[in-house]
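*Asks:* The listed protein sequences derive, respectively, from chains A and B.
Going by our numbering, the first residue of the first sequence is number 43, and it counts up by one from there.
Going by our numbering, the first residue of the second sequence is number -14, and it counts up by one from there.
Be aware that a few hints might be false.
[Stated by the list, open to error] 20 Å max Cα-Cα, derived PhoX-like pairs, lysine-lysine:
(1) B:Lys(-13) to A:Lys183
(2) B:Lys(-13) to B:Lys63
(3) B:Lys(-13) to A:Lys185
Source of the hints: derived by calculation from the structure; they are not laboratory data.
In case you want the letters, here they are:
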Amino acid sequence: MLAALIGFLGDFDLAEEAAQEAFAVAAERWPRDGVPASPGPWLITTARNRALDRIRRERTLAAKTRLLDVPLVTEDTVDETTFRDERLELVFTCCHPALATDAQVALTLRTLGGLTTPEIARAFLVPEATMAQRLVRAKRKIKAAGVPFRVPPDHLLPDRLAAVLAVVYLIFNEGYSAPPARADLSTEAIRLGRALAELMPDEPEVYGLLAVMLLHDARRAARVREGDLVLLADQDRSMWDAAQIAAGRAALDRALALRGSGPYVVQAAIASLHAEEPRDWPQIAALYAELARLTGSPVVELSRAVAVAETEGPQAGLDIVDRLALDDYRYLHATRAELLRRLGRTDEAAAAFCRALELVHDEAERRLLERRLADLRGGEPGGTGDGAGGAR
Amino acid sequence: MKYLILIHQGDAPTPYTPDEWAKLSEDEQNAVYRDYQAINQDPRVTPGVQMEPPETATTVRVQDGRTLTTDGPFAEVKEAIGGYFVLEAEDLDAAIEVAARVPAARLGGAVEVRPVVER
């Protein structure tokens, strides 16, 4: 409903206020007069008429909206077909490249996710006033700079869709890697992903992203045991959500049926393979190679090194790792440490664990690394693991 | 909607930087002239006045009633505004498309798209 109003009015704040007024009117009238046959359109019409009244009174927005050409529609005459679902236009507007990424994320969560400003502030660990300002500035920018409210034309769509998917994935990862307290963020991201899949049913990367999120989220319960992180190989698979894995694989199948071969589809294929036992390491390694080719990301190469080590031995993996320029990345050193450990180069492994510990900021990760370092020094195997912390 | 398009030459070679300009091929130099001309001929564009380069600027401040001047532009010479024009565009995407055609944008400079207040 909000999306339709924003589309009509071209103004986020006016749309929100009008919507609230409409709900207030409904709360007052419906108990008395009965619920109308089409409550949704009734609300939208009421909201729109309220907004129209205000605009006529204020006159400031008259030139900037299309409203004055539209005939006045009364609440009784509308039905479900009168208004289009404009959520897709809304999501592309929120994720317009003219806005900074943190503004795109906040606006998406606020207007499409329906999260309140305090909820978003808590999710990203910033003061509420900061988040409120961020939203105010973003809305002002959209209005003042003339960000168009539309699904981008074909020649702009690939880049713009990539930006939307990146925002949704960012939201998912915030909820996924942080302590369980923010699981609702991941759930919200999945909800957004499903909405996107519904709105853009012919875009394979949309299904690819949805699949990635579902397949990762399915492992949430098994990732943490008594506050400690558990490596993928050590996870209790019975704690994985089988229904989510099935849903993820269904989304992946749909993406492949649409001939998808982009980065999210490849990531989903990898995640699907990781959920199998025993794991098809050669195929996983091949897919990481394809993903590295698509993204040029050294972090992906690191994951490939881990997979290669499983099929060709730790030295082969180490050869790849040592070529990467990721010295400030804790997972590089954790991976090196694991591979060195398997090669029996214990002192070098310990040094690598120490370097990783210097770079860690998450308490659960710190404890995991400290445990592995202790196991190493104690001479006991620290579990098979599959690279430290790379796949969880 | 009206936008002011502000051109920052940055590291882009221009006839005012003869050594760098000479490193461009004749085709590339001609392309620069052609692209600026095409923009000026776009019916949505109102060309700005042509300015001398940023080095010729003088920056003025007034402190305690005294007028203070500094040689050069307000920003770094590299970041200063080299030129501008006014664009009448349907929305920000349309304005960005025109801005992207300014040669400075692809040669090491940057172009700012600023909405104009209309009353």
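*Asks:* Would you mind marking each hint as holding or not holding in the structure?
*Replies:* Going down the list of hints, with the structure as the test:
1. B:Lys(-13) to A:Lys183: holds (15 Å)
2. B:Lys(-13) to B:Lys63: violated (27 Å)
3. B:Lys(-13) to A:Lys185: The hint holds at about 13 Å.
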